[in-house]
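Participant: Residue numbers (the numbering used here), protein chains in the order written: chain A, 1 to 38; chain B, 1001 to 1503.
Read the hints as simulated data drawn from the structure, not as lab findings. Glycine included, C-beta positions come from ideal geometry on N, C-alpha and C. Be careful, since some hints might not be right.
To be verified - Output of the computed footprint for chain B on chain A, the stretches with three or more beta carbons under 8 Å from beta carbons of chain B: (1) 5-15; (2) 18-31.
As the list claims (entries may be wrong) - Here are the in silico distance ranges between beta carbons for each label pair: (3) B/E1463 / A/V5: 53 to 59 Å; (4) A/G19 / B/P1188: 27 to 33 Å; (5) A/P4 / B/K1316: 36 to 42 Å; (6) A/G19 / B/C1183: 44 to 50 Å; (7) B/L1155 / A/M30: 32 to 38 Å; (8) A/I26 / B/A1236: 44 to 50 Å; (9) A/P4 / B/V1018: 30 to 36 Å; (10) B/A1315 / A/P4: 52 to 58 Å; (11) A/G19 / B/P1068: 26 to 32 Å; (12) B/R1202 / A/I26: 41 to 47 Å.
Single-letter residue listing:
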Amino acid sequence: MTGPVEERTYRWPRRYVFGVTLAAIITIIMLLVLWLVV
Amino acid sequence: MWLGVALALFYLVYLAIVVPAAALVAGVTYCLGVPARYFIALGRVLVVRPPGLPAPQHQPRLPAGADPAVLQYFYGPAVADAEQAIRAAYDDCRRFWDAGAGRIRSFFRGDKPWVNRPLGVGVAAGMAVGTAAGAVAAAGCALIQLVVVGVSAGLARAAGAVLRGADSAFLRVRNIRMVCPACSERVPYPGYVCPGSGCARRHRDVRPGRFGIVRRRCQCGTRMSNLLLFGSARMAAFCPHCGHPLEHRPGEAPEIVLPFFGATGAGKTRLLFSIVTQLQVWTKEGQLTAELADSVTTRELDAAERVLRSGSATAKTPVQLPRAHVIRVSSGKGTRILHMFDAAGERFYHSDRTQELRYLGQARTFILVIDPLSVEAFWGRLPAGRRAELGPARSTAPSPDLAYQQTHQEIEAMGVPLRKARLAVVFSRADLIGTPEGDAAEWARCELGLGNLIRSAQHSFRETCFFHTAAVMKADGDMDESISALMRWVLAGDGVALPGDGS
């Protein structure tokens, strides 16, 4: 575990990585589905 | 017999339905369950952060002597988090797999083997295929996360480089070159003390980099500005070379280095006091704002006006390396920070001592102070009565030529382009010997016999100007006009508009 200062500093960058990763995966899945359907 | 065949057929139908169904259910469960567990682990590591997460094996470490700040997320911690998420997902998937394996074993240990074992076979086959597919999907998700981290790290580094470039361009456009008043070294960028209450951690290089792109966080948790563009000058600065505090808020305004040189007793300190007092007079009159920019300058120059008003002699300058007197001057054309260096005359007689005056290499305008009374040819021509009268004020130092040549050589050796530099040659004691009519350079050539010095100065420097100065205060508290004339010429080269220069 990192210290409390690091936890506070990295809170938003971590959420950013989580959000962007999730968005990228959803996008790829949607593109795959679209490709399969069309 | 027909009953046996019917039962066998029924059992085959049972197998044909149950085994693929069990395999399908297990396959779908594991195909979706494995990447789902990866997502859950990712959320736990990046968002929820519960206690008990597996520790990352490769924690980013700071090199010895690094600034006491928290690493920027994309300079190591993001990769450690990715590794932590993968480890947490792997642990979860192992538990998920173990639970499935336990269920399969229970199918084979049950008391109705003909019923349960085909189920176990179907589940095992489905679980194997589903886990493989799920692992590929989870690996794809992890790859996407690593790509996101990599691209973000690249963008962070690019943004840092752009901001550093913008800050350097900002300093260059505003012609800001910082100098330490204590060690005279050029300061590429000031270090800063953490502004947090009770924290005195020193950050040597706050510019965008591994500790932050726009801001950084000290280990105490306090946020700090990263660039002069973003207001880092408001924090307490220090010199990254010698650690000396830089109280004059470097980086806010262009800095002007003004070295005074000349023989012992030539009147350098008195001239410096006169310049400071003239600035204070203009400040009182509201024509500009001049403030002593640090505590050492305040302590040493606060008495300048009193010394000049009383007419008493200035104390002898110590031979130790001089510290700059720092003055912030704000006029119609903006703000400038003056670093005025007044070294003892003894420092200009020997090359090894002159070499120590590193500030000479940072200056573009120099002030040579010459006491005409110290020149034997001039002194010898004075009447005896006048000599007796002026004797106590006379400098007994060696010829001014020696100090000039010595300093001239060292300035050149320090790499100062003399063809871009300016020199003010100041003949002091005009209050005692009067201000001769005509050209001061011609007077010095004829009366003082300083032809070689004059020729060398005019040949070497881009611009040379000669002044007679009287470093005395008039009864009404104003300084002699010769001081303001000298200041106007000296500071005009750096774009400082002083009262009375007509610009």
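Participant: All hints are to be evaluated individually against the structure, with a verdict given for each.
Facilitator: Now the hints, each set against the structure:
1. 5-15: n = 9 at 8 Å, threshold three: holds.
2. 18-31: holds (count 7)
3. B/E1463 / A/V5: 53 to 59 Å: 55 Å, holds
4. A/G19 / B/P1188: 27 to 33 Å: This hint is violated: roughly 38 Å between Cβ atoms.
5. A/P4 / B/K1316: 36 to 42 Å: Violated, at about 57 Å.
6. A/G19 / B/C1183: 44 to 50 Å: 48 Å, holds
7. B/L1155 / A/M30: 32 to 38 Å: This hint is violated: roughly 24 Å between Cβ atoms.
8. A/I26 / B/A1236: 44 to 50 Å: This hint holds: roughly 48 Å between Cβ atoms.
9. A/P4 / B/V1018: 30 to 36 Å: 54 Å, violated
10. B/A1315 / A/P4: 52 to 58 Å: Roughly 55 Å apart at Cβ, these two residues keep to the hinted range, so it holds.
11. A/G19 / B/P1068: 26 to 32 Å: 31 Å, holds
12. B/R1202 / A/I26: 41 to 47 Å: 46 Å, holds
Of the numbered hints given earlier, the model fails hints 4, 5, 7 and 9; all others are met.
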